[in-house]
Amino acid sequence: MEPAPKRSRRSRSGLALAKGRFVLGVTVPLLVYESLGVFVLGWAFVLMFFDYSSGRVGGPVLGLGGSNPFVGISHFVEMIRGTSVEANLFRTSLKNTLIFAFAVLPLNLAITLPLAYLLESIGDRFKALYRTIYFLPVLTSSVGVALIWLTMYNPQSGWINAILRFLGAQPVSWLSDPRAGFLGISVAMWAVILAYLWQDYGYNMVIFIAALQAIPQEFKDAAMIDGASAWRVFTRVTVPLIRPTMLFVCVMTMLSSFQVFDIIQVMTDGDPGYRTQVLMLDIYKNAFRYQRLGWAAAESFVLFLVVMGVTLLQMRLLRTEWEY
Amino acid sequence: MASLTIRRVPITRASLPRRASAAARRLFGYFLLTLGLSLTLLPFLMMILSSFKTNLEVLRVPPTFFPERFTLENYRTILNDPRLPLLRFYGNSAFVAVFNVTSTVFTSALIGYMFAKHEFRGKRLLFGWFLALMMIPSQITMIPSFLILSRLGLINSLWGLVIFSAVDAFGIFLMRQFCESLPNELLDAARIDGASEWQIFVRIVLPQLKPALATLGILSFMGSWNAYLWPMIVLQRIEVRTLPVILTWYNSAHTGQGALVMAATVLIMVPILLVFVNFQRWIVRGFTMTGFR
Chain A
236 MEPAPKRSRR SRSGLALAKG RFVLGVTVPL LVYESLGVFV LGWAFVLMFF DYSSGRVGGP
296 VLGLGGSNPF VGISHFVEMI RGTSVEANLF RTSLKNTLIF AFAVLPLNLA ITLPLAYLLE
356 SIGDRFKALY RTIYFLPVLT SSVGVALIWL TMYNPQSGWI NAILRFLGAQ PVSWLSDPRA
416 GFLGISVAMW AVILAYLWQD YGYNMVIFIA ALQAIPQEFK DAAMIDGASA WRVFTRVTVP
476 LIRPTMLFVC VMTMLSSFQV FDIIQVMTDG DPGYRTQVLM LDIYKNAFRY QRLGWAAAES
536 FVLFLVVMGV TLLQMRLLRT EWEY
Chain B
56 MASLTIRRVP ITRASLPRRA SAAARRLFGY FLLTLGLSLT LLPFLMMILS SFKTNLEVLR
116 VPPTFFPERF TLENYRTILN DPRLPLLRFY GNSAFVAVFN VTSTVFTSAL IGYMFAKHEF
176 RGKRLLFGWF LALMMIPSQI TMIPSFLILS RLGLINSLWG LVIFSAVDAF GIFLMRQFCE
236 SLPNELLDAA RIDGASEWQI FVRIVLPQLK PALATLGILS FMGSWNAYLW PMIVLQRIEV
296 RTLPVILTWY NSAHTGQGAL VMAATVLIMV PILLVFVNFQ RWIVRGFTMT GFR
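In order, the protein sequence lines correspond to chains A and B. Taking the numbering used here, the leading residue of the first sequence gets 236, the next gets one more, and so forth. Taking the numbering used here, the leading residue of the second sequence gets 56, the next gets one more, and so forth.
Some clues are possibly wrong.
To be verified - If you only want the chain A side, here are some residues facing chain B, beta carbon under 7 angstroms, derived:
| id | residue |
| --- | --- |
| 1 | Pro-264 |
| 2 | Tyr-268 |
| 3 | Gly-272 |
| 4 | Val-275 |
| 5 | Trp-278 |
| 6 | Leu-350 |
| 7 | Leu-353 |
| 8 | Ile-368 |
| 9 | Tyr-369 |
| 10 | Gly-379 |
| 11 | Ser-392 |
| 12 | Ala-397 |
| 13 | Phe-496 |
| 14 | Ala-532 |
| 15 | Phe-539 |
| 16 | Val-541 |
To be verified - In silico DSS-like links for lysine-lysine, alpha-carbon gap of 27 angstroms or less:
| id | chain 1 | residue 1 | chain 2 | residue 2 |
| --- | --- | --- | --- | --- |
| 17 | B | Lys-178 | B | Lys-265 |
| 18 | A | Lys-362 | B | Lys-172 |
| 19 | A | Lys-254 | B | Lys-265 |
| 20 | B | Lys-172 | B | Lys-265 |
| 21 | A | Lys-254 | B | Lys-172 |
| 22 | A | Lys-455 | A | Lys-362 |
Unchecked claim - Take a look, some chain A residues computed to stay more than 10 angstroms from chain B by CB distance:
| id | residue |
| --- | --- |
| 23 | Ser-248 |
| 24 | Val-306 |
| 25 | Ile-308 |
| 26 | Phe-311 |
| 27 | Glu-321 |
| 28 | Phe-337 |
| 29 | Leu-340 |
| 30 | Gly-403 |
| 31 | Ala-404 |
| 32 | Ser-408 |
| 33 | Asp-412 |
| 34 | Ile-518 |
| 35 | Val-542 |
| 36 | Gln-549 |
| 37 | Arg-551 |
To be clear, the hints were calculated from the coordinates, so they are not data collected in a lab. Even for Gly, the Cβ is constructed at its ideal location relative to N, Cα and C.
Same shape as in the complex, but just chain A (with noise of 0.2 angstroms):
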């Protein structure tokens, strides 16, 4: 490890020196940009405790005080048992949050999973030409995604109501009646949780097909030479085997579908009849349409304990102790 004496140019202390420099020169400014990170958060954590809006003049210190007064928890006391129109519309929101995220995880699972272990096991020179196809929708603007599929579910001239006619079925008002639903929860979430599947199911595809080449094929032979059958094959060797995968495609697709907001803003912006409007619609259009930015952080930090609390409830339920 340590240079040769003799060749070195430098001393030790000088090289430590150096090195020591070049520490400094990297994680002083760093520090600085990290200070700032630690402002905005610290920030955040202030304002969920006022009645904060960028409309008002404040305090001297940040806006605060003044005429945006310090309010203590009564955000959240509110948002738990208050009568108003905020605190209902967040209920509604962090309900439709939950049923849109409880809702993509298992179609998300019910697709991916399997077509995975199809296409990893055909196996031929198509393979990676389907893979790429499957993977397109995940890099695609999904404003882009939004505005396709708003086309779609046009309720006179979209493909899904023509197909629907075709089939001799009533076409559906998709993304504005607020009564017509299914399985208890309303058409247009069904739309908006649609259009989001398509996009991103590409991406745990990709993840479980990495995941399932990865397995050694002897594993799988052995079960077969014990005369196991294919079903068995898979949900006895190939599910456990994959398991620290499924936790982590799991917490990833829980995560995004808990921050979901360009589809659904885009689409139907919480239409019709709040029926749409997830937390993050809810937070974003508080704090820069309403202006009400202390309400809206309370808001995110909800979102936030949420998010982390399934992640880690989910850790605990899919946590394997060994490796292969």
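Following the hints, put chain B in place on chain A, whose structure we already have.
Below, chain B without anything else, positioned relative to chain A:
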């Protein structure tokens, strides 16, 4: 707990492949895969075909699949629209993307390298701090970041948009992992030859990191090109907007002109598709390697 119990079963039982059912299963598999493929491609196809229709044809019930009269009118309209100087918005998006990619790649490599190969007091603490910051979702920091920008008068400024993404905790984490696999002998050999620490970073470390940096760069390009929420908050004046934000504005300003909007969507997706076609391998690798969205 799953375990692989090995039962002693005569080999002969396994050597009876049921060929017919295997072929049927294979066929069914292909059918499902192709179904998935079509469902993935059809919306894209619909978008492209619609962009060549007239606005009247797009409104027809039932919809037509292929354009009756193939027209480039929509593209011509968009490119000539005085209210929508598309080149300008491409420019905005390109500026943001170039800045994000360069700064992310550079800072991630530098800081990741330092964390991997240099020892100093408080290193673990500092790195732990990074991981913690990485866990904070953007919706928490979005509101105060906006307030900071408005106090600095950086609302409607592209610089304001990119300032908060110059350092990416995730990229640092990734690069640290890569740098750890670099042999120390290589760096020490350069030190013996009298290279300064910066020279080592630029001449030795960066070239070794090229593949990883390419992946990181492409991922951050795509993230930046498609970003919507933060640019929408920061860029309120029309002229400074990036493409996704201008696309939604265009959509709401042209209700009933579906073909025009589809053409605009196509134009906005083109750069990302070009990147994808050229760097496919890197991208898929990057996503599986990092779990980055």
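Worksheet item: Looking at Glu-321/A again, its CB stays over 10 angstroms from all of chain B?
Response: holds (16 angstroms)
Worksheet item: Taking C-beta pairs only, is Val-306/A more than 10 angstroms away from all of chain B?
Response: holds (16 angstroms)
Practice prompt. Would you check whether the claim that Asp-412/A is not at the interface survives, using Cβ distances to chain B and the 10 angstroms cut-off?
Written response: holds (18 angstroms)
Discussion item. Leu-353/A was flagged as interface toward chain B. Is the shortest Cβ-Cβ separation under 7 angstroms?
Written reply: Because about 5 angstroms separates Leu-353/A from the closest Cβ in chain B, which is inside the 7 angstroms limit, the hint holds.
Fill in: Reported absence of Gln-549/A from the contact zone with chain B (all CB gaps over 10 angstroms)
holds (14 angstroms)
Worksheet item: How about Ser-392/A: closest beta carbon in chain B under 7 angstroms, or not?
Response: Given a least distance of 5 angstroms, the restraint on Ser-392/A holds.
Worksheet item: Was Arg-551/A rightly flagged as not at the interface, with every chain B Cβ beyond 10 angstroms?
Response: Non-interface label stands for Arg-551/A: nearest chain B Cβ at 16 angstroms, farther than 10 angstroms.
Item to complete: So, Gly-272/A near chain B? Judge it on the closest CB pair being under 7 angstroms.
Response: Holds, about 5 angstroms.
Worksheet item: Within 27 angstroms, alpha carbon to alpha carbon, are Lys-254/A and Lys-172/B?
Response: Given that 27 angstroms is the threshold and the Cα spacing comes to 10 angstroms, the pair holds.
Fill in: 27 angstroms limit on alpha-carbon distance, applied to hinted pair Lys-178/B and Lys-265/B
holds (25 angstroms)
Item to complete: Return the status of the interface hint for Val-541/A: holds when the least beta-carbon distance to chain B is below 7 angstroms, violated otherwise.
Response: violated (11 angstroms)
Discussion item. Is the interface hint satisfied for Val-275/A? The criterion is a beta-carbon contact with chain B at less than 7 angstroms.
Written reply: OK, holds: Val-275/A within 7 angstroms of chain B, min 5 angstroms.
Of the numbered hints stated above, those contradicted by the structure are hints 1, 16, 18, 34, 35, listed in ascending order.
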